[in-house]
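A.B. asks: Chain by chain, the residues run as shown.
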Amino acid sequence: MSVTTSDNLPKGRPLTLKLGRDDLMMRGFILVIALYLIITLAFPLYAMLSKAFSTFQFDLSQVELQVSDQDGNFDGTILSAEALNAQLGAIPEDEMATSNDGRLSLTPLFPDFSFRSPVLYKIRGTTADTVYLIGSDRITGTDWHELDSNTFRRVVLRPVQSVGLSNFTTYFSTPSLFRSIENSLFISTVSTIVTVSLAFAFAYALSRSCMRFKGLFRLVAMAPILVPSLLPGIALVYLFGNQGMLKEVMMGESIYGPYGIMLGSIFFTFPHAFIIITTALAISDARLYEAAISLRASAWKTFWTVTIPGARYGLISAAFVVFNLVITDFGLPKVIGGQYNMLAVDIYKQVIGQQNFEMGAVVSVVLLMPAFVAFAVDRQVQKKQVALLSARSVVFEPKPDRKFDRICFIYCTLIAIFILGILGVCQFAALVKFWPYDLSLSLKNYNFDVMDGGGWEAYGNSIKLGLLTAFFGTIVVFIGAYMVDKTRSFRVGRGLFQFLAMLPMAIPGMVLGLAYIFFFNDPDNPLNAIYGTMAILVIVTITHFYTVSHLTAVTALKQMDGEFESVAASLKQPFYKLFARVTVPVCMPAILDIAIYLFVNAMTTVSAVVFLYSTDTALASIAVLNMDDAGDIAPAAAMGMMIFYTNAAARILHLAVSKGILKRTQAWRSR
Amino acid sequence: MLQLKKLALTAIAGLFVANSVMAAELTVYTAVEAEDLKRYAEEFNKAHPDIKINWVRDSTGIITAKLLAEKNNPQADVIWGLAATSLLLMKSEGMLEPYAPKGVEKLDKKFVDKSNPPTWTGMDAWVASVCFNTVEAEKLGLTAPKSWKDLTKPEYKGHVIMPNPNSSGTGFLDVSSWLQMFGEEGGWAYMDALHENIARYTHSGSKPCKLAAAGEIPIGISFAFRGAKSKADGAPLDIIVPEEGVGWDMEATAIVAGTSNLEAAKTLVDWTVTKEANEMYNTGYAVVAYPGVAKPVEFFPENLLEKMIDNDFEYAANNRKAILEEWQKRYDSKSEAKS
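Taken in order, these protein sequences are the chains called A and B.
Under UniProt numbering, think of the first position of the first sequence as 1, with each following residue one higher.
Under UniProt numbering, think of the first position of the second sequence as 1, with each following residue one higher.
Be aware that one or more of the hints could be misleading.
Said to hold, decoys possible - Keeping only pairs whose Cα atoms sit at most 25 Å apart, straight-line, the calculated DSS-like set for lysine-lysine is:
1) A:K558 - A:K486
2) A:K433 - A:K247
3) B:K329 - B:K157
4) B:K266 - B:K114
5) B:K46 - B:K266
6) B:K114 - A:K122
7) A:K433 - B:K157
8) A:K399 - A:K301
9) B:K71 - B:K114
10) B:K52 - B:K266
11) A:K444 - A:K558
12) B:K266 - B:K109
13) B:K46 - A:K247
14) B:K110 - B:K266
15) A:K247 - B:K157
16) B:K139 - A:K433
17) B:K149 - B:K266
18) A:K444 - B:K46
19) A:K444 - B:K38
20) A:K214 - A:K486
21) B:K38 - B:K231
To be verified - Chain A is nowhere near these chain B residues, computed Cβ spacing over 12 Å in every case:
22) P49
23) K52
24) A65
25) L107
26) M181
27) A193
28) D238
29) T259
30) T274
31) V293
32) L305
33) E306
34) M308
35) R330
Said to hold, decoys possible - Residues of chain B clear of chain A, computed beta-carbon distances all greater than 12 Å:
36) A34
37) E43
38) E93
39) E105
40) T143
Rather than coming from a laboratory, the hints here were simulated on the basis of the structure.
Computed from a prediction, not measured in an experiment: that's the story for all the values here.
The beta-carbon is built from N, C-alpha and C at its ideal position, and this holds for glycine as well.
Could you build all of it, start to finish, from the sequences and the hints given here?
C.D. replies: Printed below as a string of structure tokens:
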């Protein structure tokens, strides 16, 4: 009888996904790891930002004075320093902004002051917190102090802390500081152009020619990843310094400065550019080349209309990665930069040289800007890259061409000589007894224990740091990536997590390290106890290298079909069983890649840990820096090469283990 | 049963208490060279085996930064072997515990803080000197400079390296000594002229001398102690003491205010001013705080003591920021020409 329409049905509850136990647990995991990233990344950065706005000002209203007549009698008039200055204008307003080490002499308030005169002075603070110095004695409180003229000369006012922008004003009105921005941009731009061009040619030769020894060249090109960025700097000193083996090549120019930084930057960023460009070239479609040939396009034209457009995202991505690496690098300009100031070194100089933490924070904020831009552009490009591959693409197979192959071979040999030459020079320098006066070989430079830097213990610490970082880092990163990839819905949480996981890429190591001091060294922080321990080094290293590890894990997980989860769910298997029995074994190659990536980087990193190591946790990479700083350049080279050999051994071990595990866990791949 | 347990617990607690009286541990911050530290602790433990020293060692700049960063939460009990200029900085922050060590009156007045009771006592002096590489100088046809003023001669253009006062304590003591010797105006005029000859400024104070020892540069402005060590290693160096006089700083000792081990800290500081301790410092440093102790150190320039200027540490500390700012404005902003 009655007609049922959807209109007169009662409104049901809106559809929501019912959360099972698994979902809740997975969300719990996401929250825990997100919390980890917030504590180790967001909070320290916030602490650093607030430090940049913490300013120091002289406050003249904090002191009151009395002056006697020529016979030393006071008439009881109390002079406010502030009023005196308002009257005289003796101390201009812009001199009131200072740093934590600021000291202001009060004698300009008395135009006829002479330290020989018999006039006496009295001084007191107006508040209990007023701090001033008589000579080097610190005086607080509101009691009157009577001083003769000669002692009054030695009175200086200390600044009070407040919040404001004056640190930034100071920064941009100090040419020696803000010129570093220009220097850093210049060096990074030039190094990027050169490195990307060289790496492109190298990758092109490897993927588009039929020359011999490709595997060997690939291996050599990756070698710079295994050493700290400051090692090429040391090699360049031995090559082109005033006592260098090839110093004539420089034609009177100094290697200490832009040339040195650029050459070294090319060396240490080369493998990064090479990897990205190789990937980009590998996905180009052979059908386009066939079309070009049938259209009778010249090789030159084909190169510009097919090859370059096909690799353009890779090139852009490589450019930004190299740019970011160079502008945030600290070790290399420190070793070979000479008088050429760069942003990352400025942070170090401000913090270690002048103990001006606030200005260090300001430079950090400045350094964050270009890094952030580079990061944002790179992310956009990465997104586009994915769309390029299509299912019908045909893999390009190079054909032998004797002339072209020979040119490629010669070019690759030159690059290989450059890379091996740098490493070889370091090893040679490490073995020479006393360059350049006594060229006999000895192991004297390996006697690290009698030198600055932490000795052999530092080397042991580095290995420990590498292992701990690889172990805990891989667990945290992989679980985080798994949860964020496999959790259903929960948009907000996943979005936040993705953002946090991407952020470390944009944070220069120096900035992260400095931020950690501000955050973890605060006595009110319950986590204060880890300051100065190995734990904080492990945490900072994991966080610093989080992004690349996370992306590796996500890529591997994306290759796994969502069906696995559905099947497990319908079989009523909890997700952790699936995770342990299927996901982890299948993703084993990626997991091992993350572990070795973290290990190698923990061994070579300088910038993130330079503010955080303590005497008990000195590291090999820091030892290289400090030995070079003290002028022990040969031992620094020796320690640098120890890092190289360790990383090379770890790589070989990784290769062997991966092969073994691949055989056992990846047999299903080849049916 | 319960009784027994209580008894055992008391005994254990008693043991701990006794233990802590027997063996105090001190966290000592220092910038003394790594190779000397072990010896210092061994010598001290000969006299006081019950106090264990845990060293925290780094370069002067880093230790100073560390102490200042920990201002509100001090980790150190004692500072033993840090530049007096740094200690003055800490004194003005109220971070040091005033204490007159037993026997402090025997020390040279120059080496003791003027406050009463003093907050720090000096150990030994490190003195500015010029390291001159004779082999490289001969190759380049350079004559040996005799004075600071000589270094501004055009023949040395590009052949001199000195430490950057913004990152090196040695660099700062050079600059502050020139300002004291030549006066404000004369000092800056001198540095203007010297800057023309400087190849580059290094971050650390020992590096110029090591670079001179390696022939990387013929003339390195550094300190005598470093030069003597490099010379002993076989470097072709002459250590020149400029005739106008040389700046110096001292390594000094102080108790950190707020230490929970005040008694042990006092014991240590008492020992650091003894004759034995000063004899120990003498192995590396030719000038020590205890008069009449110093024996000549190998390769050390002989006339050094009389050339040391009457250094006004208070002037140096209170004008440090202004001097560094001026220095940075004049010399650090001159970046090298880009090709």
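A.B. asks: Does each hint hold? Answer for all of them.
C.D. replies: Quick rundown of the hints versus the structure:
1. A:K558 - A:K486: Holds, at roughly 9 Å.
2. A:K433 - A:K247: holds (21 Å)
3. B:K329 - B:K157: Given that 25 Å is the threshold and the Cα spacing comes to 21 Å, the pair holds.
4. B:K266 - B:K114: holds (19 Å)
5. B:K46 - B:K266: holds (17 Å)
6. B:K114 - A:K122: Status holds; Cα separation ~22 Å.
7. A:K433 - B:K157: violated (30 Å)
8. A:K399 - A:K301: holds (18 Å)
9. B:K71 - B:K114: This hinted pair holds, its Cα atoms lying about 23 Å apart.
10. B:K52 - B:K266: Cα-Cα ~14 Å, so holds.
11. A:K444 - A:K558: violated (52 Å)
12. B:K266 - B:K109: This hinted pair holds, its Cα atoms lying about 20 Å apart.
13. B:K46 - A:K247: The given pair, whose Cα atoms are some 53 Å apart, is violated under the 25 Å limit.
14. B:K110 - B:K266: Roughly 21 Å separates the two Cα atoms, so the pair holds.
15. A:K247 - B:K157: Within the cut-off at roughly 19 Å; holds.
16. B:K139 - A:K433: Holds. B:K139 to A:K433 sits at ~22 Å (cutoff 25 Å).
17. B:K149 - B:K266: Violated, at roughly 45 Å.
18. A:K444 - B:K46: violated (31 Å)
19. A:K444 - B:K38: Given pair A:K444, B:K38 holds - Cα atoms ~20 Å apart, limit 25 Å.
20. A:K214 - A:K486: violated (39 Å)
21. B:K38 - B:K231: Holds - the C-alpha atoms of B:K231 and B:K38 are around 23 Å apart, at most 25 Å.
22. P49: holds (23 Å)
23. K52: It holds; B:K52 is separated from chain A by about 14 Å at its closest Cβ, greater than 12 Å.
24. A65: Given that some Cβ of chain A is not farther than 12 Å from that of B:A65, nearest at about 5 Å, it is violated.
25. L107: Holds, because the least Cβ-Cβ distance between B:L107 and chain A comes to about 18 Å, which exceeds 12 Å.
26. M181: With a cut-off of 12 Å, B:M181 remains clear of chain A, as the shortest Cβ separation is near 20 Å.
27. A193: Check passes; 17 Å lies beyond 12 Å.
28. D238: Since the minimum Cβ distance to chain A is about 15 Å, B:D238 lies beyond 12 Å and the statement holds.
29. T259: At about 15 Å from chain A, B:T259 clears the 12 Å cut-off, so the statement holds.
30. T274: holds (25 Å)
31. V293: Its Cβ never comes within 12 Å of chain A, the nearest being 25 Å, so this holds.
32. L305: Non-interface label on B:L305 holds, nearest chain A Cβ at 25 Å vs cutoff 12 Å.
33. E306: holds (27 Å)
34. M308: holds (20 Å)
35. R330: violated (9 Å)
36. A34: Incorrect as stated: the minimum Cβ-Cβ distance to chain A is 6 Å, not above 12 Å.
37. E43: It holds; B:E43 is separated from chain A by about 18 Å at its closest Cβ, greater than 12 Å.
38. E93: Violated, since 7 Å does not exceed 12 Å.
39. E105: holds (20 Å)
40. T143: Holds, because the least Cβ-Cβ distance between B:T143 and chain A comes to about 19 Å, which exceeds 12 Å.
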